[in-house]
Structure formats: C-alpha cells, structure tokens
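Engineer: So the sequences go chain by chain: A and B.
Heads up: the first sequence runs through residues 0 to 560, numbered per numbering that gives the first Met the number 0.
Heads up: the second sequence runs through residues 0 to 336, numbered per numbering that gives the first Met the number 0.
Just so you know, these hints were derived from the structure itself, not from any lab.
Any given hint might turn out to be false.
[Unchecked claim] Heads up, simulated DSS-like pairs for lysine-lysine below, C-alpha to C-alpha not over 30 Å straight-line:
no.	chain 1	residue 1	chain 2	residue 2
1	A	Lys336	A	Lys52
2	A	Lys527	A	Lys336
3	A	Lys1	A	Lys52
4	A	Lys335	A	Lys52
5	B	Lys228	A	Lys487
6	A	Lys524	A	Lys433
7	A	Lys527	A	Lys476
8	A	Lys491	B	Lys228
9	B	Lys158	A	Lys1
[As the list claims (entries may be wrong)] Taking beta-carbon pairs under 8 Å as the criterion, some of the chain A residues facing chain B (in silico):
no.	residue
10	Ile11
11	Thr13
12	Asp65
13	Glu67
14	Leu68
15	Leu71
16	Ser72
17	Phe75
18	Val76
19	Gly77
20	Glu81
21	Thr82
22	Leu86
23	Arg448
24	Asn450
25	Ser455
Yeah, the Cβ is synthetic: ideal placement off N, Cα and C, and Gly gets one too.
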Amino acid sequence: MKRFAALIDRLIYTRSRNSKLALIADYLEHTPDPDRGWAIAALTESLDFPAVKSAMVRALLATRVDEELFRLSRHFVGDTAETAALLWPEPFHPSPSGEGLGVGSIGLAQGRWIPPAATREQSSQVSLPSPEGEGEMSVAQAVDALSAATRATAPEILASLLDRLDADGRYALLKLALGGMRVGVSARLAKQAFAQAFDVPVDDVEELWHAIPPPYAPLFAWGEGRAERPDLADVAFFRPFMLAHPLEEESIDLTDYAAEWKWDGIRVQIVHGGGETRIYSRGGEEISGAFPELVAAFDQDAVIDGELLVRGEAQGGEAASFNALQQRLGRKTVSKKMLADYPAFVRVYDLLAVDGNDLRPLPWTERRRQLEAFVPRLADSHFDLSQVIDAKDFDDLANRRAGARDAAIEGVMLKRRDAPYVAGRRAGLWYKWKRDPLTADCVMMYAQRGNGRRASFYSDYTFGCWSDDGELLPVGKAYSGFTDEELKWLDKFVRDNTLNRFGPVREVEKSLVLEVAFDSIHASKRHKSGLAMRFPRISRIRRDKPAEEADRIATLLAMVT
Amino acid sequence: MAKPKSWLEPHPHGLYVKPADLWIDPSRPVERAAVTHGHADHARSGHGAVFATPETLAIMALRYGVDVEASHNQAFGYGDGFERGGVRFSFFPAGHVLGSAQILMEYAGERIVITGDYKRRPDPTCVAFEFVPCDIFITEATFGLPVFRHPPTSDEIAKLIGAVRAEPDRCVLVGAYALGKAQRVIAELRAAGWDAPIYIHGAMEKMCALYAAHGVDLGELRLVSETDKADMAGQIVVAPPSALNDRWSRRLPDPVTAMASGWMRVRQRARQRMVELPLVISDHADWDELTTTIAEVNPKETWITHGSEDGLLRWCELHQRKARALHLVGRDLEEEA
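Here chain B stands alone, though its shape is the one from the complex (with noise of 0.2 Å):
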C-alpha cells in the first residue's frame, strides 16, 4: 500500500493527485482540474481541462464561461468516473448543491475520499449525500464548531411564511446565495405550499432557469425590475446578500430583511448583517452532521480542509481519531454558508 502522502498531496491552492498529475478543486487555473461543485471557491475559470458532473459543467459554463462541449472537458454521472495514472476517480452525492460531488480516489489498495462541500439533510434541488466508505476521508469543516446546530429547515420555512403573512403591506426580502441556496428557499417554499409567484433579483435569473431546465421545478419566478412596486406587497423576495441593503432594495414595499444562512445561529453575527428575520438554512453540515459522519466513514484518518478546522480537529482528539488540517486557501465564501 502506498503511503497517500505520496500520492496526494495539499498545497495552500488544492489539492494535487500526483500519479495523475491532477488537482481537485485548486483555486487558481492548472492544466487538469476535477471539480466538486459550481460554487466560486471550488470551482474557477481558465483551466486547461475540467472534470466534473454535468450539472457542475454546466454551471461553470453559465458563471465562468466555461465550454461544455470541448472534448478536453469531461462529465461523469453520480458513480461513475475515470482513471488516469493509474488512479480511479469517481463521483458520488455530495447533497450541496444542484450537481455537488464528492470525488472517491483509488490508488493502489487506497481509498481516499474528498468531500467538496456537503450536508446530509434533504434537500429539494439536488440528490442526497452518499455514504462513501474510505480510508481517508477529507471533509470541510465549515460549522466545525458545536455552537452551529441548524434546526429544522421546515421551521425556517414556516417562521419566513409566517413573517410575509404577518405583515401583508411588506414584503420580505430573502438574502439567498445565487447558486444553490436561492434555489433551495424557492424549492422548501413550494413544498411549504407556497404557491404565490416568487420576486427574484435579476443575478439570479439564468441560474434560476438553469436548475429549472435541470428538472428542479421553482414554481413562477418574477423580475422584481420588471415589477411594479406595490404588487409586491404581501410576497416574497430573494436576492444575492450582498443586495439587502444596497440601493436596489429601495424598489421593494417596506421590505423585512431576511436572510438565509448558517451563520444566522449566532445572534450578534445576524445583528451586524443588519438582518430582522434570521432564517437558518445552510447548504453545509452542521456540527452534528460533521462529527456524526466523520464517525460512520469510520476512517483511518481525516483531513480537513476549510471553515473551523480547531473545532472538528479538537473532536477528532477528544474521540482518538487520526486528524490533520490542510489549511487550503481560498476558501472562505461567507456569503454562500
């Protein structure tokens, strides 16, 4: 058995998989790249050849101009992948987002297994996690620290409902990352029952179209430019963060700013966002999902790769399981937790 260290190998920008001469998820351009999902910090332009899942293609053609159909770039379905020098890549269910991965390697009698970004409870515009058995299992630890439970998503939902409800002259204004989130709040919304059309922020529109012609149906979504001010009164609005309290906002009816994270568990954070209606709702694992999975792989060891590495690595001591940081930089988009 080689030792991974040989064969895998963390640098500051991603990961590189020596014998394939391959990295995962670097954060800046390289000649090969497998790609565990769309979102900014994982995946960028300007890569000579990318592997990813059609969804996560498409995505990166959409956001980074990325050519979907030049033969140089690859698509591999949920369990199906490639090899190159002498590594076995595969994909599988990482629950993050529409498209989201997690990449198995093996590499002579090794199994490693990179997490990308993933959470384990249902979500309505992407497939389930999958439980990939491993012998190093290397997570992220974005809520890795015990202070970041997130509740149910369907109370979120009904506390957002309630909210709109409550005050029908307003409208609420949902803080939702663009890719993925967005799609999630629309998606609980509809499975709420909320059947109104849904206000968006122009930023979203072809990603919103994207996950519809992907099979996620969101229901009607409306411009809010294209939109007359008092008709959305009484309705709901999403908009990338960093539109809450930009100049935008001022075309909307008295809007409660909400937004949808899960930072929101921690009030002073909420508060300094200048939020009124926290909504936990997070595309990542908290707390109880990281350790509770770190626990089932059973893994002979674990590498982290971003977010609170201190809490997960102190877990992982207390517990007497093998742990080490990767230190990965570049990883550190806020807005999209």
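One chain only, chain A, in its complex shape (with noise of 0.2 Å):
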C-alpha cells in the first residue's frame, strides 16, 4: 500500500502527462502481480465495493472521531476521503522522530478519541492475510478484503484496515475504497503507460484491456513477455479507433475517396460479444451505463463504429447540436426523465466484425457493402445509417458542405475507398474536413493564469460581446490559437491593464478585441448572455480595432444552430 499511496500522491501534485505517464509506467514495470493490477484498476476507477460507500465512512469516523469535529473538518477539507484519513486515529504513536516538543510529553491521547473497547475487540475478529512477517498491507490484501465485504461486516473490515495505515496510506485505502482518486488519469494514459512500460503497441494494449478483468494478470505476463497474447474469443472487447487527420489538401479525387458527413455527437463503438452488450467512448472507455436504451436494444453479433447522437425536437426527430447531447454524458445511471427527454441514438457508419468475422482487414468499399445490408438488422428507432454524400466532385461536395446547415452537421469525412480499417491515424486514409468555423469579434475581459507550463502566465481568457444596452456579456473562454510570442503580448496586456483581482483571476481594462474562432454557438442558460461557444479559441489579436467596434450579441444570436 505504501507503493500505491506514494504513487497516487505524486499523481495528485504532477501536472505534465509526460511525467504522470513516467511515474505510472514506473510503478507497473517494478510492482508485482496482483498489486499493480488492483492499483491500476483503481487509478482508472474501475473497481466498486458496493458494500463501501462514504455514507457508511462518515457513520464509521463518529465512532472514533466527534460528529462535529468531523463536520467542522470535512467541511475545511472538501473531499470525505481525505478527512477521514486525516483523523482516523493514528493506532499506536511512535514518538515522534527527533521532534522533541519542549515542555513534558506530548501524547495524542488528548487530541483524540480513544474507540470504545468492544469497537476493537469487534475488529480483532474479522480475518485479514496476517500483516506479520512482511508487515505491510499489500494492495491486493486490501481488495481482497473489501470485496468480501457485506453491508454488514464492511465497517469492521474498513476499520481494521485503516488501523494498520499511516496517513497517506489510509488516503490510498479510501480512494481506492470510494472512487472518486481526482488525480488526472483517464484510462487511456493507462494503457499508454502500460505500452510504455513493457515497450509494447498502445493498439494491442487498447484491445486486450478490456478484455481482461482487473488485476490484469494475463496482460503484464504478456507485457513482460512471459506469455502469449491473450485470446479474445467471445469476449466484447474494444478494438482502437480508426482516426483521421484534418484535411489540408486543396483537392481531393473522389474517386478514391468516399465521402459522408462528420456528425457533431460522440464516437462510439458498440460491441455484442459472449453475450454482452457494450457501448465505449473515444478514449476506451466504457459509457453503457449511461445509455442502457442502446445496449438493450443493440442484440445483433457485431461491432459497430458510430455517432452517438441525441434526437431534438426542434430538428423535427433529427439529430439535435451537441449541446443537447452534453445533457446524457457523464453519467453513471440515466433517469427515465433523461431518457425521454434526450432520446440516443447512433448513426452508424463502419462495421468491424459481424457474425463471428472481422471485417477491419477488407477496403472501406467491401465493409461498406456488409454495412449497409447489417443496418436492417438492428432496431430503427435506435440506429441509423450515415448517409454516403453522392458529390459529383470535390467542387460539389465544397458546396455542399458550405452549405449544409444542420444543427449536428461539424462537416465532412473523405474515407480512402480502398483502406483497411486500422487503428490510428495513419497518412492519406481518412481525412476530416471540418466547417470553416464562425469566428465574432470579442472583447477580453477576464484573465487567469494557466497550468504547468503556463502556470506564470495569464493564458486564459473570458471575452464578451456587447448587448443592445451597451452592457458587455461573457460569451465565452478560450486558452489556445495563439502563439507563445502572442501569449506573452497577452500577458503583458493582463498584468498592464488590471481594474481588478479575484483569487487567481484579473479582471482587465475592456480594451483589447480578440477574434475568436468556434465551431458553432448554442443557447445556454448557464450564461448570462444566453449562448455557449463549441471550440472556441483566439484567431487573431485584434490591436487595431477599438472596443466599442466589437460584436454585439445579437450578431452571435444569429449564428446559433
């Protein structure tokens, strides 16, 4: 356990991927089975003990700790784990090291609430792997422990582990224990992290990842090349994306390229394999929880490639814009409510195996010929084909595209007609060919200071436009589109032209307009100003055109989709 709480503490206070991906790769590459299997799992939040929820950790602190203290703790802390592990008595106090405290003995006995003595004799009797001889609890000794745990025994179960931890082991424990780590690692730098450690294709990894359940025994033994890649037979595995590039040619034969439209909704892959039904997001992560209407309704033995998209009212039954969809994402478990009011559904455009085949190896042309005839199969209220554009040529489809003005339309995908589907963006295969995006002339109101790198300059910024009572309205933030010579021209204009400072944010002279570039704009009613940015970033620095020339917010109401 002191492997993983020092891990997951340098996690916390490490901001560059770079070096989170080393420190990860480090500890995979020198921790054994199972320990680095369980902590990865838990890095990645996929481990529940449904028995362990912070409900029951508050109740357990109040029979060591006084309610109020607690209270009074948690609140100043903000996060129930960190406080419980902060004052769960320490069980037996070493004095301390070369601190000698003045005057007589400074014992904790009085900062702290002794538990009753039938609390202790009741924890003594929950069986646990012997900490004697080796001493520390492992990682595995700790999931093992709270798997077996019920709604009844867990209290007990918890206790006697966070009475065998330090501080920063018990922080590990309840994170572990609870979810919820905050430390920045999404499943995907896992898996990079693991390919880096045993030197092995990211590709692979992202295929057998899910495939194989925590601690991932089969996956380090191949890893470290004491096994054979795993087989994934009848499992519903996920198989990495096929990717594109931004299209930067002036023309393109069509030809030799197919071309369909490029959905503003969320990638997914739907995959039915040994009986199961999963739905995975870009990054490889599983999301069916969040969309149990797709999983019942998807029963055909295939894999599918597709948009996940929300239906609008407003669009007649259409695909609704993406901030619709931003109401289903993220969650854990849907309400019927959401359900009703955003219905999902995919628009499905590739198909990578059915019936036991994988067709990933045939050209875009072949699997599209399976594709088509596939769809029937699967429920039309939930799936439906994306559409081949039929352009005469790459001056058509121009035309088309600038043309196209639906709500969930981001612009167009050219597939090479010949291709393969292979997992990540490889040259002259698939190209994206976004709308050219809207750009308003804002005015810069709000700084605020950036992270890592950046963490010395004002790199992020609110920018307004004006409203028919010359009042200027925040319409968006955007941290990026400039260059590291305009981002210290900015910086300086920040510091130079500060009215005021809240925490970390300046509030600026309203002087400076800033062209800002986005992919499309949406009514919001988290906004004063009614409307929310998709992508925004800085185009230009706008240094010759005065404030008061700026774009009002009618101007943007216009431009909603």
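Take each chain as given, in its own frame, and dock them per the hints.
Structural biologist: Structure follows, in structure tokens:
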C-alpha cells in the first residue's frame, strides 16, 4: 500500500502528462502482480465495492471521532476520504522522531478519541491476511478484504484496514474503496503507461484491456514476454478506433475517396460478444451505463462504429446539437426523464465485425456493402445508417459542405475506398474536413493563469460581446490559438491593464479586441449572455480595433444552430 | 479578585488592557501597543509607543519604519517586563519566529497569558516556547482542526533535499513566508547538512541579514537576481509564496514548485496553489500542540483569538473546559502559516 499511496500522492501534484506517464510506467514495471493490476484498476476507476460508500465511512468515523469535529474538518478539507484519512486515530504512536516538544510529552491522547473497547475487539475478529512477517499491507490484501465485505461487515473490515496504515496509506485505501481519485489519469493514459512500461504497441493494449478483468495478470504476463497474447474469442472487447487527419490538401479525387457527413456527437463503438453488449467511447472508456436503451436495443453479434447523437424535437426528430447530447454524458446511471427528454441513437458508419467475422482487414467499399446490408437488422428506433454524400466532384462536395446547416453536421469525412480499418491516425486514409469556423470579434474581460508550463502566464481568457443596452456580457472562454510570442504579449497586456483581482483571476480594462473562432454556437442558460460557444479559440489579436466596434450579442444570436 | 472582563476587553481589532490604557497586537494605529511578534497581522505601523522584544522591534523597524531609538518605544528581553496602571506585563518566548513572545499580564491577583502565535516544536531560528501558568489562556487556533498534524520537520526537509537531488537539471523553488518561515527552512536545511549556497528572492535579503545579525546562522545566501540561470540547476531557491507562479520564476531553471506551510497537509489546498512538492512545515502549533498546551497550562478559562476557533471550542467543550472565541479581525495571514 505504501508504494501505491506514494504513487497517487505524486500523481496528485504532477501536472505534466509525460511525467504522469513516467510515474505510472515506473510503478507498473517495478511492482509485483497482483498489486499493480489492482492499483491501475483503482486509478482508472474500474473498481467498485458496493458495501463501501461515503455514508458508511462517515458513520464509521463517528465511532472514533467526535461528529462535530468531523463535520468542521470535512467542511474545511472538502473531501470525505481525505478528511477521514487525516482524522482516523493513529493505532499507536512512535515518539515523534527527533521532535522533542519542549515541555512534558505531547502525547496525542488529548487530541483524539479512543475507540470503545468493544469496537476494538470486534475488529480483531475480522480475518485478514496476517501482516506479520511482511509487515506491510498489500493493495491485493485490501482489495480482497473489501471485496469480501457485506454491508454488515464492511465497517469492521474497513476499520481494521485503516488501523494498519499511516495517513497517506489511509488516503490511498479510502480512495481505492470509494473511487473519485481525482489524479487526472484516464483509461487512455493508463494504457499508454502500460505500453511505455513494457514497450508494447498501445493499440494491442487498447484491444486487450477491456477483455481482461482486473488485476490483468495475463496482460502483464504478455507485456513482460512471459506469455502469448491472450485470446479474445467470446469477449466484448474494444477495438481501437481508426482516426482521421485534418484535410490540408487543396483537392481530393472522389474516385479514390468516399465522402460522408461528419456528425457532431460522440464517436462510439458498440460491441456485442460473449452474450453481452458494451458501448465504448473514443478513449476506450466504457459508457454502457449512461445509455441503457442502446445496450438493450443492440442485439446482433457485431461490432459497429458510429456517432452517438440525441434526437431533438426542435429539429423535427433529426439529430440535435451537441449541446443536447451533453445532458446525457458523464452519467453512471440515467433517469427515465433523461431517457425521454434526450433520446439517444447511433448513426452507424462502419462495421468492424459481424457474425464472428473480423471485417477490419477488408477495404472500406466491402465493409460499406456489408454495413448497408447489416443496419436493417438493428432497431430503426435507435440506429440508422450514415449516408454517403453523393457528390459529383470535389467542388460539388465543397459547395454542399458550405451549404450544410444541420445542427449536428460538423463537416465532412473523406475515407479512402480501398483502405482497411486500421487503428489510429494513418496518413492518407481518412480525412476530416470541418466546416469553416465561425468567428466573432470579442472584448477580453477576465484572464486567469494557466497550468504547468503556463503557470506564470495569464493564458485563459474570458471575453464578451455587447448587449443591446451597451453592456459587455461574457460569451466564452479560450486558452488556445495563439503563439508563444502572442501569449507573452497577452500576458503583459493583462498585467498592465488589471482593474481587479479575484484570487487567480484578473479583471482587465475592456479595451482589447480578440477575434475568436468557434465551431458552432448554442443557446445556454449557464451564461448571462444566453450563449455558449463550442471549441472557442483565439484566432487573432485585433490591436487595431476599438473595443466599441466588437460584435454585438445580437450578431452571435443569428449564428445559433 | 477583579473580573478579567472588567480589565481586559476584547475588541474586533485587538485586546484592550483598560487599567494600562494599552492595546495588544492592535490591527489599527493606537497610542500604546504591546506587540507579540513582527508578522503584519500582529504588528502594524503608526502606533504612538510600542512595547516588544528587541528582535520584534528590530523587525518592525525594518518592515514598518518604526523608530527603535525613540524613547517611547521600549524593548524587553524574555522574562523581563514593565508595569503600567497597576498591570504587570512580562514577555516569554513563544517559539513562533525570531523575537516572538507570549505576554503575561498580572493584575489584582489574576494572571492572563496571550500567546500571540506559537509552536512547540524546536526551531533553530528562535527560542523555544516557555510554559507560563495562568488563569486565562488566550491562544491562537490557526490549525484548530484535528486534520492538522504536522509531520516531523526533519522528514519534510529530507523530502526537499531528495527532490533537488532527484532532478539535478532543475531547481526546487520553495515558497516560504519572508519573515520566519524562509529563515527556518534555510536553517533546517543547514542543520540537515545542506551546505551549498541557497538562492533567495530579493524581498528576503534584508530579513535574512537581520536574522544573521541576531546570531542565526543561515550559511551562504545568494540573490537569484545576481545569478545565472544555469548556475541554479540542482540548487534550492527560496522565495515568498506570491513569487511562485509569478513572472519572476521564469528566470529559474525549470523549477519544481514547493511550498512550506501547514496548509500543505490538505492535498486539494496544495493543488490549488499549483504546488508540486508540498512541505508541511509550519510556525504554528498543530492540533495536538494546541490541545496538549491547553491541557498542560490547565487555565480556568481559554480564550481563542483567531483561526479555526470552532474546532478548538468544540474540543474545549468535549473536555469540559470553559472557553470563548474572541473573533478578532484582520488575522488572516494565510501565506505565513
């Protein structure tokens, strides 16, 4: 547990992605099975102990610590697991090393609440792997004990584990048990760390990851060259997505490339195998729980690639904007009302496997033929076919792209007709050709410091446009699009034109016009202006333009899709 | 025996000692002030006469331009004191920063001690806290919640040295309050055997010199502004917390940002400050020191000046001790804790 605790401690304070990767890779390389597997599962929030929940931890704490002091502490710390880790009474007290405290002895008895003898006796009855001899609790021991817990035994089990750990260890244990690590480690990052640690292709890791349950022993055995690549027959595993490059060529021959609309939803893969259906997002994270209606509706032995969208009433039953879809994202469970208000469906554009056959080696043309034959096998209430754009030539395509006003269209996809389905971004096979961004001239209102390398720069800008009453209302926030030189200039502008400071935020003189590019703009109740931009970024600094001549809210309203 | 309330009045901006017509640590200018130590939330400029330890007066002279030589300002060593309006004032070490004092007041058979800010752990830069029996104990409560337990300082210093050695191409930039914390971190590093020059922010130069002049050995200090970037790789730099993410830090070689403060005990606090290496080093008593000190002093009544009053009040209640919070204003020098 010490190593795991040290790892999450380092991750909390590490902001750079590469440093996080290096830390995790090092941990995986130098930690034995099954601890490393459990640890990585905990980091990626893949563990769940139904018997251990926040309310139970709070109740347990109340047996050792005064409730009022817990409440005050929790309020200050802001996190139940961390508060509990810090407050849990130390099981014994070695004299503070080298820290004589002047007068008398500063024992902790005054500051803590000795548990009633009964509690202690109970906890000693819970059978745990004995720490004797090895001394330290392993992650696996903790996982085993928590997995065996029922609602009745969980408090005793957790208490006896906490009693054996120091504050950092208790924090790690409680985070492992309750989830909510907040260390900024996605499943994608974990897989990359694995690939880096064992020098194996990340695509293979992606594919194997979801097929093998924690603690992933066969995966590590394969990574270390001790075993063959695990066999994935009959498992609903994730296939890494084929990705597209932005189109930079002037023109493309449509005899070589097929064109489809690029939909503004989220890319998903739906897999049916081994008797179950799973939905994976772009990063290979499973999101089945958020879309139970799709899981239920997908009953064919197949793997599809498509865009998850929400049907919008305003669009007459067609796909709604990304804004509507956002209501459904990031949920572990979903209410009936959400299901009714934001019905989800998948617009299918590729077929990766069907009836036990892997179609990925086949050219797009052949996969498309099979896809068109396959889609009618799915319920049309939840699945439809993404149409191929029947353009005469590239100019015709360009015209259609420019004319597309559908809220859910983000641009055009170009797919090489003879290309197989290959993982990742390969040159020349798939292109994305987004609609030209919209732009608006906005006025900088607030600036905030960035993170990591940009911590000393004011690099996040909130900007606004003019209301009819001549008031400047915020319409968005952007932190990209400028060069390093421009960033230095912007930083200096913020420092030289500060009106007010609110913690890390500075309000600036409303004098600088920023040309902001964005993919689309939507109505939003969250902002006073009633607008929210998608992918806003700074496209130009308009030092030449007076602030009064920046755009008006009314102009932006006209762009709403 | 006079009722203490009748001769010592808590006001939002300080404690007023009525018979002596004197304020303790007032947060606005007054005619006569006794000052426990030099931090800005206790020592202010503009008082008529100041009564303090010689070190505190020297610090006030440096920071606020208080005229040490003026006859109305009086310096008293530890154990020493003065009498005014029938009240006997004496200064005792508080172990907080150089010159920090508890003030004992005796009047009409009653003894009241005000701790100012204090800690119980050893600190190479100041005299250790001295236990003073009293009837009313007026304590701080900066870390008056049981989540605050400062680990041994030597462990934190070892962590700091370990971080510098782990990445010799970078430097470690330690955010430490310019009065007290900075000098303590430096002195602790020296005690741990770190004898390389330590690089400091210009804002700390004079205070470090003042400490050195009072016999605190800080070893060789160099100014960041007078050093080439490359020469600071693998070295330790100490700066005020406000400089950590400021433009100033761009002159350092890829700094690892550290911060020495009791608040670093709480992870999200450290994260908010964008700290990569939190060092739990504080000049304030932690929860155990606060509660144990109250138990040892065993006063009839405990008054709590500032910090997490609610936590310490609750502890007093649980231990059947009479206590009250004074709600003093302006005691919020978060950076310094």
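Engineer: For each hint, tell me whether it holds in the structure or not.
Structural biologist: Status of the hints after comparison with the structure:
Simply put, lysine 336 (chain A) and lysine 52 (chain A) have alpha-carbon atoms about 26 Å apart, close enough for the 30 Å limit, and the pair holds. For the proposed pair lysine 527 (chain A) and lysine 336 (chain A), the alpha carbon gap of about 27 Å is at most 30 Å, so the pair holds. Annotation: proposed proximity of lysine 1 (chain A) to lysine 52 (chain A) holds, straight-line Cα distance about 23 Å (limit 30 Å). As the CA atoms of lysine 335 (chain A) and lysine 52 (chain A) are separated by approximately 24 Å, the hinted pair is consistent with the 30 Å bound.
Under the criterion of a C-alpha separation no larger than 30 Å, the hint pairing lysine 228 (chain B) with lysine 487 (chain A) is consistent with the structure, at around 20 Å. Of the supplied pair hints, the one linking lysine 524 (chain A) and lysine 433 (chain A) holds, its CA atoms being roughly 27 Å apart against a limit of 30 Å. As the CA atoms of lysine 527 (chain A) and lysine 476 (chain A) are separated by approximately 14 Å, the hinted pair is consistent with the 30 Å bound. Between lysine 491 (chain A) and lysine 228 (chain B), the direct Cα distance comes to roughly 22 Å. Compliance with the 30 Å bound is thereby established for this hinted pair.
Between lysine 158 (chain B) and lysine 1 (chain A), the direct Cα distance comes to roughly 16 Å. Compliance with the 30 Å bound is thereby established for this hinted pair. Satisfaction of the interface hint for isoleucine 11 (chain A) is found here, the shortest Cβ-Cβ separation to chain B being roughly 6 Å, below the 8 Å cut-off. Because the smallest distance between the Cβ of threonine 13 (chain A) and any Cβ of chain B comes to about 7 Å, under 8 Å, the interface hint for this residue holds. About 6 Å separates the beta-carbon of aspartate 65 (chain A) from the nearest beta-carbon of chain B, less than 8 Å, and the hint is met.
A least Cβ separation of about 5 Å between glutamate 67 (chain A) and chain B falls short of the 8 Å threshold, and the interface hint therefore holds. Interface hint at leucine 68 (chain A): satisfied, since its Cβ lies 6 Å from the closest Cβ of chain B, which is below the 8 Å cut-off. A distance limit of 8 Å between C-beta atoms decides the matter here; for leucine 71 (chain A) the minimum to chain B is near 5 Å, and the interface restraint holds. A cut of 8 Å between beta carbons decides the hint on serine 72 (chain A): the least distance to chain B is about 5 Å, and the hint holds.
This hint holds: phenylalanine 75 (chain A) has a C-beta 6 Å from the nearest C-beta of chain B, less than the 8 Å allowed. Using the Cβ-Cβ criterion of 8 Å, the hint placing valine 76 (chain A) at the interface with chain B is satisfied: the shortest such distance is roughly 5 Å. Look at glycine 77 (chain A): its Cβ gets to within about 6 Å of chain B, closer than 8 Å, so that hint holds up. Interface hint at glutamate 81 (chain A): satisfied, since its Cβ lies 6 Å from the closest Cβ of chain B, which is below the 8 Å cut-off.
This hint holds: threonine 82 (chain A) has a C-beta 6 Å from the nearest C-beta of chain B, less than the 8 Å allowed. With a cut of 8 Å, the hint placing leucine 86 (chain A) at the interface with chain B holds, because the nearest CB-to-CB distance is about 6 Å. Contact between arginine 448 (chain A) and chain B, as hinted, is supported at the beta carbon level, the nearest pair being about 6 Å apart and thus within 8 Å. Taking 8 Å as the C-beta contact cut-off toward chain B, the hint placing asparagine 450 (chain A) at the interface holds, the least distance being around 7 Å.
This hint holds: serine 455 (chain A) has a C-beta 5 Å from the nearest C-beta of chain B, less than the 8 Å allowed.
Of the numbered hints given earlier, the model fails none.
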